[in-house]
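Number of protein chains: 2
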Amino acid sequence: MAASSPVSPLAPTSVPDMPAIAGVRLATAAAGIRYKGRTDVLLVLMDKGTTAAGVYTRSKCPSAPVEWCRKMLKGGKARALVVNSGNANAFTGKSGRDATKLTADIAAKATGCKPSEIFLASTGVIGEPLDARKFQGVMGDLVAQAAPGAFLDAAKAIMTTDTFPKVATARVKLGSATVTIGGIAKGAGMIAPDMATMLSFVFTDAPIAAPALQKILSETVTDTFNAVTIDGDTSTSDTLMTFATGAAAAKGAPRISKASDKRLTAFRKAFAKVLANLSEQVARDGEGARKLIEITVEGAKSKASARRIAMSIGNSPLVKTAIAGEDANWGRVVMAVGKAGEPADRDKLSIWFGGIRVAHKGARDPNYDEAAVSARMKEPKIMLKVNLGLGSGRDRVLTCDLTKEYVAINGDYRS
Amino acid sequence: MAASSPVSPLAPTSVPDMPAIAGVRLATAAAGIRYKGRTDVLLVLMDKGTTAAGVYTRSKCPSAPVEWCRKMLKGGKARALVVNSGNANAFTGKSGRDATKLTADIAAKATGCKPSEIFLASTGVIGEPLDARKFQGVMGDLVAQAAPGAFLDAAKAIMTTDTFPKVATARVKLGSATVTIGGIAKGAGMIAPDMATMLSFVFTDAPIAAPALQKILSETVTDTFNAVTIDGDTSTSDTLMTFATGAAAAKGAPRISKASDKRLTAFRKAFAKVLANLSEQVARDGEGARKLIEITVEGAKSKASARRIAMSIGNSPLVKTAIAGEDANWGRVVMAVGKAGEPADRDKLSIWFGGIRVAHKGARDPNYDEAAVSARMKEPKIMLKVNLGLGSGRDRVLTCDLTKEYVAINGDYRS
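Chain order of the listed sequences is A and B. In this text, residue positions in the first sequence follow my numbering: the first is 152, and each later residue adds one. In this text, residue positions in the second sequence follow my numbering: the first is 152, and each later residue adds one.
Only chain A is shown next, with the shape it has when bound in the complex (with noise of 0.2 Å):
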C-alpha cells in the first residue's frame, strides 16, 4: 500500500500551489472501497456548458469505465466525474457495466444532471465485483462539500501504490484573457495483487468546443503520455481526460471552436507543459525506480522509426537493469536497437550516457572513458542518446530503471 511505501527518491522537490479553475469543483471520501483509513474516491463537479475530450487504453480487454466513458465522450458534454481507488472495475462482465450504470445515475441524481454526462474512472483490483452501492452513502457529503481548489486532495484520492501525489498547473494568454490549466495523475503503482492504471484529469476554464479540445488533447498525448513507459505492461484502464469549463469566456477569453485557431497556440505549448510534467512524474514514481530514464533516438528513418526504438530500449530488461547497477552497457543498446525490427545499420550506430559518447560507428568509441561515465551513470537522471545515421527522424521517450524492488512490489505477495 501506498501508505507503507518510502517516496520515490525521483519525486519533484516541490508541489505547485494548485489554483482554482472557475467552474471546477472537487470533493473526496472514504467509501471503504477496499483500503481502511484513507480516502478513495473523487467527484470533479463542472459547470453547465463544460466540454469534454479522452484517451484510453488500447487494450482490447478494457474496463467497464473505460468502455462507458468511450459512449459518452460522442456527446462531447461533461458535468461531473467520479473516480474511484481500490477496485477497477475490470474483467467483472456484466456486473461491471451494472456498476458503471449505478454509479452514474447515483452521481446524476445527486448532481441534478444526465447520466451521459457523468465519466468515471476506476483504479484498482482487477476481477472482484465494484460494489457500486458504497458511492450512494458518500454521494450527498461530496456534493455538498464540493469546493474549487481542492486539485492536491484530489490527487492523493486516486492514488493506489504511487509514493506521491501527481498535480501540475499552467497559466496562460488566450486572446485577451488568462486561462488556468491544472491536472492531475496516477501512476503505474501496483495495489497487491493486481495491476494499477495510469489515470489524469486535466481541467481548464478555457472555452473550447469539444471536436477542438479532443483534437488539442489526441496531438499532446503522443509525445507525453504514450512516450513513457514503465514496463511495457499496458493497462485494461488507463485513462487521460480533460474538461474545458469555458468559464473564462466570461471575463473576455474568446470562444474556442477549431483546433487550428492561431490563438490557440500558447494555450496548446502550456497544455502541452502540464501534460509532459504529469507524464514525467508518473515515470518518476514508477514502481521501484530509482533512475528517471530519458532516452532519445535520433537519425532514424522517420519519428515513428525513431519511437519504436526508443520504446525497444525503454521496455528492454536488460537496458533496464544495466542502469540500476549503474553500468553504462552499450552492448544492451545494441542489443534492443537490433530487436526493434526498425531499419538500423550497426556500423553507423553511435551511443551516449549522459552526454558522453560511448560508442561510435558500430565500435566502441576511441576515447571511450570509463570513469568518467561511471561517474554519470551515479546520478539520478539518465540521458541514454542514440544516432541511428540514417535519416533525421527523432524521438524521446521516458522510462526507469528495473530493481529488485519492482520485483518485491509485484511478487511478493505471497512471501
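Take these hints with a grain of salt, some might be off.
The list cannot tell twin chains apart, which means a pair is met if one copy fits it or any two copies do.
[To be verified] Here are the simulated DSS-like cross-link-like pairs (lysine-lysine), alpha carbons at most 30 Å apart as the crow flies: (1) K555 - K536; (2) K536 - K225; (3) K199 - K499; (4) K532 - K555; (5) K366 - K222; (6) K265 - K413; (7) K211 - K536; (8) K222 - K452; (9) K324 - K555; (10) K211 - K499; (11) K452 - K265; (12) K452 - K245; (13) K420 - K529; (14) K228 - K420; (15) K454 - K187.
Since the hints were made in silico from the structure, they are not lab data.
Got chain A; can you put chain B on it based on the hints?
For chain B alone, kept in the frame of chain A given last:
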C-alpha cells in the same frame, strides 16, 4: 560467472549418455579469451560430405560470426565448427570481421579444408575486440585431441552464466538403418557486464542434403527454440545450426534429398524432440528462474495470433513477477491478452492456472477456489492456459518467472 552460481532448481535431474555420432569429433581447450581456469573454445570436426543448415538472430545488429555463418551457409557444406565463450565478437566493426576471417583461416589450415567450410559462433562480452590469434595457440592440440562423443565437455565449454550444460540425444530409424541425433545448447545467461546468447548445435549421421536439412530445421525451430522467451531481449548472436555427416549411409540409411521425403517422418519427429528438449533446458536455466512456465493459448483466430498473445503473456514483467510470487494473478493475464493487439473479446475469455479454471467468460470463475490454485502455484512448473473463444488457433510457448535474482544477475555489476 557460471562457476559461482548455484545450479538452477529447474535443471533436469539426469544427464543422458551422449552417444558418438559417426563423422563428428569434438575437442575443447582453455584459450584464455576471458575466463580463467575453464575451457572456452570448442572445435567440432566433421567428415567430408557433411551438410549444414542454420537459423540466426533476426537482430539488425548481428555479431560478426552470425554474418560469417549466413554467408558460408550458402555453400551448404561444413567441415568444422569453432565456438568460443567469453567474447561475443559483436559490435566490433571491421576488427570483428577480421577476427572471423582469421579464426576461419587458422581452423582451415589446421584441419585441411577451405575457410568457407568453417562455421563460427561466439558468446560473451559485446563491443570488446576478439583477439583471434589466441586460437592459433590451441588449434593444433584441438585437432589432435578431437574425439567422438565428447558432447558434454563441448556443452560445458560454451557456457557463460548457464548453471548447467545442456545436451540431448535421440536414435531413430531412417529407412532400415538407425541414425543418431545429438545436440548441445547454451542458454540466456549473462556474462557481466554484457548480454549473452542462445547457441545450439545439433549433429546427425543421417545423409540429408543441405536444402532438405535447412527446410526441416526452419520448420522445427518455430515450435521449439522460437517458442522460448526469457526476457524478450533478442541477442545479437543467436545461432542454431544442424550438421548432417551422412555417415549412416554406409550402414544403409537412404540418401535424402527432399524435406518432403516420406521416409523422414520418424526422423523429423525425433529431431523435433531433441530441439524441444534443448530449448526447454534453456527456459529451465533462464536467469534467476525458479519456475518453468508453459503458456498455452487456444481459441484464437489463428496459430500466429495465438503465438503473439502467448508471447505477450510470456514477456509481461507483471505476469512473470506474479508467478515468482506464486500468485495466480489472472488480472495480469487479462492485461497481457489485451495489450497484444490481437483479436480478443473480454467476455469470451477463460483462464486456467495449473489446470484449474480461475476465470470464465470475462469474469472470475464462479467456482474459484483460491486454496486449490495457491497449492498448484507452489509447483516448479506452472501451466497457464488461456482460451479466447474465437476460433481454433492454438500455440504454446515456454518461459520462466522474473525474480530478484534476474535483476541481481543483470544489475549488480557495480555493487
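With 30 Å as the alpha-carbon cut-off, assign the pair K265 and K413 to within, between, both or neither.
neither (34 Å within a copy, 71 Å between copies)
With 30 Å as the alpha-carbon cut-off, assign the pair K222 and K452 to within, between, both or neither.
between (37 Å within a copy, 27 Å between copies)
Using 30 Å as the alpha-carbon threshold, which applies to K420 and K529: within, between, both, or neither?
neither (33 Å within a copy, 53 Å between copies)
Between K211 and K536, at a C-alpha cutoff of 30 Å, which is it: within one copy, between copies, both, or neither?
between (33 Å within a copy, 18 Å between copies)
Please work out whether the CA atoms of K324 and K555 approach to 30 Å or closer within one copy, between two copies, in both situations, or in neither?
neither (46 Å within a copy, 50 Å between copies)
Please work out whether the CA atoms of K228 and K420 approach to 30 Å or closer within one copy, between two copies, in both situations, or in neither?
within (24 Å within a copy, 63 Å between copies)
K199 and K499: within-copy, between-copy, both or neither at 30 Å Cα:
neither (57 Å within a copy, 40 Å between copies)
Evaluate K366 and K222 at a C-alpha cut-off of 30 Å and name the case that applies: within, between, both or neither.
Answer is within; shortest intra-copy Cα gap is 17 Å, inter-copy 51 Å.
Check K532 against K555 for me: Cα-Cα at most 30 Å, and say if that holds within a copy, between copies, both or neither.
This pair counts as both: shortest intra-copy Cα distance 19 Å, inter-copy 23 Å.
Status of K187 relative to K454 across identical chains (alpha carbons, at most 30 Å):
neither (46 Å within a copy, 46 Å between copies)
Could you figure out if K211 and K499 sit no more than 30 Å apart (CA to CA) within one copy, between two copies, both or neither?
Intra 38 Å, inter 12 Å, cutoff 30 Å: inter-copy only.
Within, between, both or neither: how does the pair K536, K225 come out at a Cα-Cα threshold of 30 Å?
For K536 and K225, neither the intra-copy (41 Å) nor the inter-copy (37 Å) Cα distance is at most 30 Å.
Checked against the numbered hints listed earlier, the structure breaks hints 2, 3, 6, 9, 11, 13, 15; every other hint is satisfied.
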